[in-house]
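Engineer: Listed below are the residues making up each chain.
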Amino acid sequence: MTEQFKMDAPATDRRLDGMAQGLVGAPLDRPEGPLKVSGTATYADEYRLENLAHGMLVRAPGNSGRVRLANRDAVAAMPGVLAVIHDPRLLRNPAQGTANKAPVQDANEAHYLGQPVALVVAESFEHARHAAHALKIELEGGTPRPVDPETAAIEPQSSKGLDQGDLDRAMTEAVHAVDVTYRTPSHSSAPMEPHASIAQWDGENLTLRGSYQMLKYNRNELADALGIHPDRVRILAPYVGGGFGSKLGLAPEAVAAAIAAKETGRPVSVALTRPQVFETTMRRSETRQRIRLAADAEGRLAGIGQAALVSNLPGEVFAEPVLQATHFLYAGENRRLSLDLARVHRLCAGSVRAPGEAVGITVLECAMDELAEAAGIDPVELRRRNIPEKDPESGKEFSSRRFREALDSGAEAFGWSDRPATRSRREGEWWIGYGMASAARVNVLMESRARVTLAPDGSAKVETDMTDIGTGTYAILGQIAGEMLGLPRDRVEVVLGDTDLPPASGSGGSWGAASSGTSVYVACQAIRAQLAERLGVAETELTLKDGQAVFDNRTETLAEILKGDEIAKEGHVLPGDTSKAVRQATFGAYFVEVAVNGVTGETRVRRMHGSFAAGRILNAKTARSQCLGGMIFGIGMALTEELAFDDRDGHVANHNLAEYHIPVNADVPQITVELLEERDDWASPLQAKGIGELGICGAAGAIVNAIHNATGVRVRDFPATLDKVIAGL
Amino acid sequence: MQTSLTINGETRQLDLDPRTSLLDALRHHLGLTGSKKGCDHGQCGACTVLINGRRVNACLSLLCMHEGDEVVPIEGLGQPGALSPMQQAFVEKDGYQCGYCTPGQICSATAMLEEIAQGWPSHVTADLEARPELTTEEISERMSGNLCRCSAYPNIVDAIRKAAGETA
Ligand code: FES
Ligand code: FES
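From first to last, the protein sequence lines are chains A and B. In terms of our numbering, the first sequence is residues 1 to 729. In terms of our numbering, the second sequence is residues 1001 to 1168.
Worth flagging that the hints you see were computed from the coordinates, not collected in a lab. Even for Gly, the Cβ is constructed at its ideal location relative to N, Cα and C. Among the hints, a few may not be true.
Here chain A is said to cover these stretches of chain B; the calculated rule only asks that three of the stretch's residues, wherever they fall, bring their Cβ under 8 Å from a Cβ of chain A [claimed, not checked]:
hint, region
1, 1004-1015
2, 1056-1068
3, 1083-1095
4, 1100-1112
5, 1115-1121
Just chain B, same shape as in the assembly (with noise of 0.2 Å):
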């Protein structure tokens, strides 16, 4: 099955079984495995990447599903040697150990951040009309779809805080 969308800024022709989800698709069929695959079932957020800005677990969406789309994999964030802000504080506040869940994270984080800048409310927020800090608890909250089994989440807190203080 045809299917034309836009990867990392480049435009990709992809011919796959319909069967291909997202994930597989770049991991298997474009050599981005930089996407990891936790679970295939939309549990732990391994998978996240951004398409046309926000993010999504990528294993529980069809390629076919992204005809036009603008999809971001962590590789289209940074790369050794030009890190982005967010990879960077990473890094420094050692918010991962294994690194398998890191992409995803950081994919997350990096959307996140923007979610918190429109405005968007979360389970959290005390004041639904009022702009949301960025507050340790929102962060927790909003970052919750993303499972760390090595469970660096007070250094990868941390390492969002540092990132939102250099990009604000």
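Looking at chain A on its own, in the form it has when it is part of the complex (with noise of 0.2 Å):
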């Protein structure tokens, strides 16, 4: 029944070059859209389950001291309220992604403003609303707690840190040499469907409609919440409203929906307000970040320098892997990475898009424009005399890296031979500029399943726990099956985000596709040799194509085939050695012309491009989505997203979309994308890489980078707000 594979070994036999269907990489539309675009598509909060009940979050004033209920027998009296609910399993934050355990669960002691600490449960979201504001949270006995990264206890994590060759030296004998200080503030993922659980129990079993990105994870998180076995639990994610991170681990609300269901005996919706989802979900946290670059005359790179400090809430074992991507990026013998994290107590720090090369490598790719500007060499030629030969660490081969071909291809798909010497090309009040980063997005492949089952009519069916959180997961595992069975697209239907289906890695680390995909491959190639063992032929020499399989000169239907059979198969795919023998990563460029207004300071982005690598593109429409994605969140992060924290108490001073300032439409120029053909064997025996967050590692950087070019001032605090522009002009 299961067909197992492990990673051991590159897959040189490339098999989706040779199949006859031509769905592979196509930009095909998705199928789930036609329900998206007319309302039809169900996210979590949108099951009108009979005698629904409505829970509202109410939350912590502060970040010390004893959680008291002061009214709590007013507001449980209060119109249309059923529970008051102060539960010691409530949690205190989200899981982080792939914890599959509970993270800290304490609703008796405050620990950051907006904490979670009682659930008011009401017959109508209205009373809910109501009650919950009336209920006074009192905290006793709280002291001072450190809220400020800068001046908060450190705790060094020596693991992720090195130190090679003799950096001090390098820097010294360098003939150019860079040593700059950039700060990077907190992020919010701000997807737009808030965060919202609908649960319900049958006796025993919980069924839990969620809005999560890695529902086998989940599942073990909510049982280890509420101490039952998970196999009393079921989670429901068929449509997830953006995740961007904030949804891989569980939280929150779904533990308090299930603990009110059970209590009230009905079931319970609880969604997060959107002040909610800004101080209670994960935020990416703020870095301060050291990069030293020492460079010979040429510009070649003799060391490599990045301390960074980020934080967390006391317990959380995260870090912002902000060195992820610098370990091999550029060339360099002599190099010290370190990471420092300080204990603060402000919301949880966890994933964002892109953790780690989101803020690591954009500032990485300032500190080499301020190189390229020091030794007088195109910003392009930099990188280019930079691209390592081996890993510069390790010294193992790169799997496949595209890296020059998209600095070159990019660049010329740009313009970038035009790009104006610093601060001199003006239109009226406005300053032009280009600038350009390196994109690079470490790779991994993770455990996943999934069931394919070819049906005696020749459709087929993929069912895995796998979700698609507009990451295109519905177009590509179709397309996959569709290839490897000779089916057209419309005869293949995907189940996902039901955890009774085969569990799979979840969507997260851009891992998903790859991941899910090579399960869905391994289970239709088992289909395929028990349909060539039927027919007495070698699998290699089936060709299957619009339902029928062609073999030997002769042609049969499926359907024929199967003589009213069915084959179910289960692909099971588990990394192996090749994700150690070979430094596995994805890269790209990325190139900005920005217009700086010479009076506000105001930076607008007039033209965007982005050439990537990422292995084979399994679906050209929803992989250059993603990429466009990935890339307007860099405008965001380059010029307007910053989580303001309160100096006094560390709470979230614009926690809603007015304020904390995501892309707008008028923000965002036409954007364009080239995805580069390639292949990595290493990779999966798709040839394919992960995709979904390469467009945000060092986006931001080429922005910022375009602002020196127009204008000469070098903003070292992002974002680069017109009020830090305008104080250079």
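Each of the two chains sits in its own frame; use the hints to bring them together as a complex.
Structural biologist: Now the structure itself:
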């Protein structure tokens, strides 16, 4: 039944290239599109269950002290109120991605302002909202707690760092040296669908309709939080309104809904308000990064240093992995990389789209721009000169790396040769400048399972608990199955987002497509083998196309071969030796034209181009959209996005979409994306790598570098808001 | 509180808590969950519906203010198998990813084309007297009340252009 595949050797057979259906890679529309555009795709908080009650979370008003519900009885007696839940099992903060167990559970002690400590359950949303506002939380015996990473206690993360050669000496001997400190603020994923769960018990069995990215982990996290066996928990998430990391781990609303549903004997919906999304889901840690670059007269790097400071709540192991791609992007034998974690009482820090590279490569790329300027070398040429032959630390080969091609092809497509000298091109009151940056992101394959069933009529069904958070999973899994089994796309049904189905990798870390896609591929291989066996031919001799098998100069339909039987196979992929044998990563380059207003300091992104190499592209349309999404996150990061924390108590001062500025349509030009043809045999048998995060891994750097080219102003404190730009004008 | 209004062409009598927003009336009481709640504050546009032909954030409006109004949320624009040209264009141009902002984008875009047809100027219209043209700049400006964190903006612009070409 189950076909297991471990990625222990490069998949040089490239089977997908020999298939006949022509689906993989094609820019096909998303099959679920008609549901999404007509409002009939159903998201977590959209199941109108009979007798549904509504819950509203109530949060701690400070970051320290014992929690007391001052007027609990009065609130419980308010109209429509069914229960006031204050339960030690409530989550302090969401679980980190792939945690697989409950995070810290504490409703009795405040750790950060905004921590959920109670839930008011009522007959209607209006009653619950009103009563939740009325519930008064008092904190007793609190003490002042650190909220500023720059002054808080530090825990060095030595396992993440490296000290190779002698960076200090390299800096002294360098012809061109850069030693600069940059700061990036905290960011919020801010998915458009607020986190929400509907919990429903049937005896001792719990069904949770939730908005989650990684169901197999979320199920264990929920069971652990409630103290029940995971077999009793089912999670459904067929449609997820964006996640970007914030829905990786189980979040407080799910546990609160489950406890409330048990206590009231009714299904309970708990949806976060938008301020709650900003204050109780994950933030990307702010960073302070000191970059040192030591180069010779030609700009060749002899040394790289990156010393980063990040922060998190006490009790959380996650430390923004800032150094992740600095380890291998550029050459230089003297390397000193270090990461420090400050303990602060701000909301929990965790994964936000491309944890690590989104900030780490962005800042490295700004420093590279400073080096290019200091050395008088074109920024693209500087990168080209510093592409290492092998991983500069481990000495391992790269699996596949079309980095140089991305730089060259991107520069050509953008018209980089027309780049103005610094602060030299002016149109009316606007300064015009070009900037570029490299893109890099580590690549990972994760364990994943899927079942593929070939029905007697020759149609197929793919089933897995994998999620589609906008990433295109419905599209690509159908394309892979259709390709392997020789079926038109509309003959393959894809069912996702249900923990009753085989457990998948989940959507995160850019690994979802290659991992879940491989599980489908493996299952289809097994089905092909069985079809071949029925026909008495070798599987490799079998051509499947449009529901027919062609072999030995004969043709039979699948229905004829199946003779009323169905073939069901489960594919199970495990990462193996290839994850260690070589350095696996995705690469690219961004090119940007900005106009900076000489009077106001306002920056407009006029043009933006990205060239990316991420192995085989599974669907050119959805892959392009993922790149656009990442690059536009980069626009926000460069120009507007910043979670602002109050110095006194660490609360989020801009907890809504009017004050936390994500890019809007008018902030974004008609961006162009180029996806380079590539096969990575070491990454997966699909030769595909991850692409969901590559678009943000340096993008903001290209914009800030363009601002410098336009105006001569270096902003080293993200985002480059007009006040910071105008100060230098 | 009694409110009588037309929703997708059908007259509805609702007796709801006066605090109920038009958005929650649709989502919680009428089973019309196509209109999304992204913020409940009038900041994101996910809840955009058409009221008497104009685009409105349903979260910022109480149900009881709509006595006699004609409300058309996304479900009324078209359904799978019979999509409107705008809906079809969003599918073809990948004018979405997760789909959560999409009903609001489509309602907004549908009404926006009508506003341009009627000659309403925008912040970026150079000549207030002339009929505004459907440029990328005009579309982006007029669609900036509808946030999309998946950031499908370039594709949304392409979809609107395509739909406008077909309906023009
Ligand atoms: S939900 Fe109405 S504008 Fe955001
Ligand atoms: S499609 Fe996800 S927010 Fe727009």
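Engineer: Each hint: holds or not?
Structural biologist: For each hint, the structure was consulted:
no.: 1; hint: 1004-1015; verdict: violated (count 0)
no.: 2; hint: 1056-1068; verdict: violated (count 0)
no.: 3; hint: 1083-1095; verdict: holds (count 7)
no.: 4; hint: 1100-1112; verdict: holds (count 5)
no.: 5; hint: 1115-1121; verdict: violated (count 0)
Checked against the numbered hints above, the structure violates hints 1, 2, 5; every other hint is satisfied.
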